[in-house]
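Novice: Let's have the full structure, built from the sequences with the hints guiding it.
Numbering follows the numbering used here, with no gaps: position 132 of the sequence shown is 348.
It is worth saying that the hints were derived from the structure and are not from the lab. For clarity, every value in this text was computed on a predicted model and none was experimentally measured. Positions of the beta carbon are idealized from the N, C-alpha and C atoms, including for glycine. Among the hints, a few may not be true.
Ranges of calculated distance between the beta carbons of each label pair, as one might list FRET restraints [as the list claims (entries may be wrong)]: (1) V322 to N267: 20 to 28 Å; (2) A626 to R602: 43 to 51 Å; (3) I629 to V509: 27 to 35 Å; (4) F543 to I629: 44 to 52 Å.
Below, a list of computed lysine to any residue pairs in the SDA-like style, where the Cα atoms sit at most 25 Å apart [claimed, not checked]: (5) K480 to G542; (6) K480 to F460; (7) K513 to V497; (8) K358 to V510; (9) K426 to L594; (10) K480 to S572.
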Amino acid sequence: MTDTATPGYEGTAAPRAAILFIFITVLMSIIGFGIIIPVMPELIMSLTGRNEAGAAALQGYLLGVYGLMQLIMSPILGALSDRFGRRPVILTSVAAYAADFLLMAVAPTFAWLFLGRALSGATAATFAASNAFIADVSPPEKRAGNFGLLGAAFGLGFIVGPALGGWLAELGTELHGEAAGVRWPFYAAACVCFLNFLFGVFVLPESLAKSRRRRFEWRRAWPLGGLISVGRHPVVIGVLCAYFLMQLAHGALPAVWAFFGAEKFGWGPGAIGTSLAFVGVTAALVQGGLTCVVIPKIGQRRAVYLGLFTMTASFLGYAFATPQGGFVYLWIVVGAFGGFLMPAMQGLMSAATPESEQGELQGAIASVMSVTTVVSPLVMTQVFARFTHDGADPYFPGAPFVVAAVVLAAALIPFRRTMQREGVRRRLAAQHAS
217 MTDTATPGYE GTAAPRAAIL FIFITVLMSI IGFGIIIPVM PELIMSLTGR NEAGAAALQG
277 YLLGVYGLMQ LIMSPILGAL SDRFGRRPVI LTSVAAYAAD FLLMAVAPTF AWLFLGRALS
337 GATAATFAAS NAFIADVSPP EKRAGNFGLL GAAFGLGFIV GPALGGWLAE LGTELHGEAA
397 GVRWPFYAAA CVCFLNFLFG VFVLPESLAK SRRRRFEWRR AWPLGGLISV GRHPVVIGVL
457 CAYFLMQLAH GALPAVWAFF GAEKFGWGPG AIGTSLAFVG VTAALVQGGL TCVVIPKIGQ
517 RRAVYLGLFT MTASFLGYAF ATPQGGFVYL WIVVGAFGGF LMPAMQGLMS AATPESEQGE
577 LQGAIASVMS VTTVVSPLVM TQVFARFTHD GADPYFPGAP FVVAAVVLAA ALIPFRRTMQ
637 REGVRRRLAA QHAS
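Specialist: Set out below in structure tokens:
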């Protein structure tokens, strides 16, 4: 049955049910990812014998190879999703996640972790294909809100995942010792992703009608092909530049958060997991509740300005105003309003892109995110290592968050210029029409 409001949708379920399916798919993927975050520092240190600063640098390489493989493969998978549909791409990606976590669970050396991250990055199309799925089944006026639901899935995943990971690590350590305990979350993540795969096999519908599919072309499948294509649309390229800087700054959190908590506050996996669960709670409240209300009320442009301000303030708070671990929670609440950024920016770009190019747009966005997941972890972890190694002068664990705040503030420049130019263009068009 084809829904009249969303002519590209194929399937027997209504668009609302289809969005629920994709929400659960993304949620379970994030739970699987979040489970391992609290224990990655301890696993890397146990395999390499390095301290926190050295392990943080190695974590940057793991995140970097993931991003590099995603950069190369995301546009290819995005183009394949425009040719063959979203469903097979999403299912392949979820299956690869399960294999990645299983490899890390049994890893005898750091090289195994590296291999697992490379495999996962090469097939990491869940989020780009899911965004394209949302674009397929959502009318333009509801896209920002529905993109916000995916943000809520991220938030909920980070409520359950890190808390569960910290608890499993502590339980496993208590029962079988630290060497075995740090691996329990990886087995759990593999199981979650495998269940997610089975869920998708049986209930995930296809959203892209055959009439809207297009043939695969390599010029659209190379890493910068999507960027060149969407570059035809001035609003998209301007907002995408701001989006790039935003993601570059935001990468400080997954790259160094666990190391920052352990180094500055002496947190173990349980405390790290609890703090990340709180990040998830606040993100879910903002992106799952406030996004659908606030963005339509104040507009996508103002929502971006609000998100840039609050996220910058939170980074500076982490760096300079956390004398004790409890102060972190205040800045987590402030930073949660940065959750307006992603859906508002995606909504602006989606509205400026033809229906037949939505998958290509999401592939371009994924490529931008992939560049940031190569660059940001390498920069942020090296900054952290530089300011926390033995004898560091000055000693400053919050240094990566200062770098992130500066980069995030810089995102205001391309966004503001793009909005000003678009405003002038619309006024001239209105005058010409009259």
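Novice: Now look at each hint and say whether the structure bears it out.
Specialist: Verification of the supplied hints:
The hint said 20 to 28 Å for the Cβ distance between V322 and N267, and at roughly 25 Å that hint holds. At about 21 Å, the beta-carbon gap between A626 and R602 misses the expected band of 43 to 51 Å. Between I629 and V509 the beta carbon distance is about 29 Å. The supplied range of 27 to 35 Å therefore holds. At roughly 30 Å, the beta-carbon separation of F543 and I629 lies outside the given 44 to 52 Å, and the hint is violated.
For the hint pairing K480 with G542, the CA-to-CA distance comes to about 12 Å; that is within 25 Å, so the pair holds. Taken as a hint, the K480 and F460 pair is broken in the structure, with Cα atoms around 29 Å apart against an allowance of 25 Å. A C-alpha spacing of about 23 Å is found between K513 and V497, which places the hinted pair at or below 25 Å, so the restraint holds. Of the pairs offered as hints, the one joining K358 and V510 holds, with about 13 Å between alpha carbons and a cut-off of 25 Å not exceeded.
The straight-line distance between the Cα atoms of K426 and L594 is roughly 41 Å, outside the 25 Å bound, and the hint therefore fails. As the CA atoms of K480 and S572 are separated by approximately 49 Å, the hinted pair breaks the 25 Å bound.
Hint check: violations occur at hints 2, 4, 6, 9 and 10; the rest are consistent with the structure.
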